[in-house]
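Undergrad: Sequence:
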Amino acid sequence: MASSASSRGIVAIVGVGPKLGRCIARKFAHEGYTVAILARDLGTPPLSLLPSFGRLSRFADEIAREEKAQVFAIRIDCSDSRSVREAFEGVLSLGFVEVLVYNAYQPVPWHPTSFTDIHIDSFQKSLAVSSIGAFLCAQQVIPGMVDRRKGTILFTGCSASLNGIAGYSELCCGKFALRALSQSLAREFQPLGVHVAHVIIDGVVGPPRREHQGRKDRQLGSTRAEEGTGLWTQMRWLKPTGTCTFRTGPLGPRRSTFVLAPTGSS
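When the letters of the sequence shown are read in order and numbered with my numbering, they come out as residues 12 to 277.
Be aware that a few hints might be false.
[Stated by the list, open to error] Calculated lysine-lysine pairs in the DSS-like style (CA-CA distance at most 27 Å, straight line):
hint, residue 1, residue 2
1, K30, K79
2, K161, K79
3, K30, K136
Everything labelled a hint here was simulated from the structure, so no lab data went into it.
Could you put together the complete structure from these sequences and hints?
TA: In structure tokens:
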């Protein structure tokens, strides 16, 4: 891969689908970053008689064209250490990774699954993608961030990160472990200039409700969550106390506080 021409550094987004991941990628591209989007499947559609094409590559082309930015699509299997290493060889060849967003998880059925019906392979896969993959990806970028004493790592969480849910032990255990990893990294690397935050997305992210809001809702801070009647999620990055606050409404405010480190750069 050719070296990136962006002066703002590289943003690596792991776990990019058509909703949240793509919105995050678009936001960073709009802000002038070179973006690497990573996912397990480049996207060959099933039952198609046409030549295969990559969904992830289409996302990259679409965002690059609309935002006039450099966007690269890279395949990764977060449960496989070799795949992660090879993927980040490509990412790091672009330049310094200033931001890592880890948004990968192993999909689980929407309906609850009895604990006694869960197969060990499925349970291990969920743990691997949610937490071990995050561990592997963070190890790839943290040395460069520490060398420069700046950088940001964002981990995507959900309600299952905070509370055990009957019938969803696969998801909860992986997300609990991810939250623990995030807190541990924040405390270890805060003095070294690296932001680490665990972001709770308490809802299912969907498309804009009205077409004319499409451009506005692509902004990360206005991403909507289609849960219940008008539930939305908003995050505020930094408070004067060095905490990160998330509020949800109209069902009432909720607050989660995470350790963030000043990096000396805005």
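Undergrad: Now tell me, hint by hint, if it's right for this structure.
TA: Against the structure, the hints come out as follows:
no., hint, verdict
1, K30 with K79, "holds (20 Å)"
2, K161 with K79, "holds (26 Å)"
3, K30 with K136, "holds (23 Å)"
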